[in-house]
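*Asks:* So you can see what is in the structure, the chains are spelled out below.
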Amino acid sequence: NAGVTQTPKFQVLKTGQSMTLQCAQDMNHEYMSWYRQDPGMGLRLIHYSVGAGITDQGEVPNGYNVSRSTTEDFPLRLLSAAPSQTSVYFCASSSPPGGTAPQYFGPGTRLLVL
Amino acid sequence: KQEVTQIPAALSVPEGENLVLNCSFTDSAIYNLQWFRQDPGKGLTSLLLIQSSQREQTSGRLNASLDKSSGRSTLYIAASQPGDSATYLCAVGAWETSGSRLTFGEGTQLTVNP
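Residue numbers (the numbering used here), protein chains in the order written: chain A, 1 to 114; chain B, 1 to 114.
Mixed in with the good hints there might be a few duds.
Simulated restraints, written as ranges between beta carbons of each label pair [to be verified]:
hint, chain 1, residue 1, chain 2, residue 2, range
1, B, W95, A, T70, 22 to 32 Å
2, B, W95, A, G53, 14 to 24 Å
3, A, K9, B, S28, 35 to 45 Å
4, A, T15, B, N63, 40 to 50 Å
5, A, D26, B, N63, 44 to 54 Å
6, B, E3, A, G63, 41 to 51 Å
7, B, V13, A, D26, 34 to 44 Å
8, B, D27, A, T70, 39 to 49 Å
9, A, M27, B, L19, 31 to 41 Å
10, B, Q54, A, M27, 21 to 31 Å
11, B, N113, A, N1, 31 to 41 Å
If you're looking for bench data, these hints aren't it; they were derived computationally from the structure.
Note that beta-carbon positions come from the ideal geometry of N, C-alpha and C, so glycine has one too.
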């Protein structure tokens, strides 16, 4: 199993540009989520999905869109990039929360918005 | 709103020392608590998961305890090694009106000196 994969690993954008961060998992997990990690603020939940076709907002959803058309993929879209979105983005997946299964994280995407 | 605090923020110890990392949380209505390891520039790796009904979990030289009533967890690392150097993150899982939520602390940066 490849686990959770993310592309790209690093991206530089100009303010106002749009892009999609890709996330895929091959563990047949129903639950997938996106976090951003910033110094002094820890990891914060952006959006999550409990299954194909079902998504919901997390703690910091503004400026981001998600969709879940398949179990495997959960892309994160930045509609109009802003310098405040400079961060490291992590995708995670797991079996349904509340059980004994841990969350598995991807290696992250480092985004710099100029 | 759940808040997770980790103390100390950084810790430097000589090789071979036993050490304790602390995590506290404000809302005891959790379904589990996880300890993660994060190496520089990498994603998060789950170390131990404790369900709310459990008191502790062990894996090799690692032991994590949970006292839900007092809102505290500790991660005990025995006979520390330079390879243990990393940032250790504590995260609590809880159900909220909008769904499940994993709230992270900011981490303890551990350096084990040879």
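*Asks:* Now tell me if each hint is right for this structure.
*Replies:* The hints, checked one at a time:
Restraint check, W95 (chain B) to T70 (chain A): a C-beta distance of roughly 26 Å satisfies the suggested window 22 to 32 Å. A C-beta distance of roughly 21 Å is found between W95 (chain B) and G53 (chain A), which places it inside the suggested range of 14 to 24 Å. As the Cβ distance of K9 (chain A) to S28 (chain B) is approximately 38 Å, the hint placing it in 35 to 45 Å holds. Range check, T15 (chain A) to N63 (chain B): about 48 Å between beta-carbon atoms, so the 40 to 50 Å window is met.
Range check, D26 (chain A) to N63 (chain B): about 32 Å between beta-carbon atoms, so the 44 to 54 Å window is missed. Under the hint 41 to 51 Å, the C-beta atoms of E3 (chain B) and G63 (chain A), about 24 Å apart, miss the expected range. Between V13 (chain B) and D26 (chain A) the beta carbons are some 38 Å apart, a value that agrees with the proposed interval 34 to 44 Å. Here the CB-CB span from D27 (chain B) to T70 (chain A) is close to 34 Å, at odds with the stated 39 to 49 Å.
The hinted window of 31 to 41 Å between M27 (chain A) and L19 (chain B) holds, with their beta carbons roughly 32 Å apart. For the pair Q54 (chain B) and M27 (chain A), the supplied restraint of 21 to 31 Å holds, since their beta-carbon distance comes to about 24 Å. For N113 (chain B) paired with N1 (chain A), a C-beta distance near 36 Å keeps the hint of 31 to 41 Å intact.
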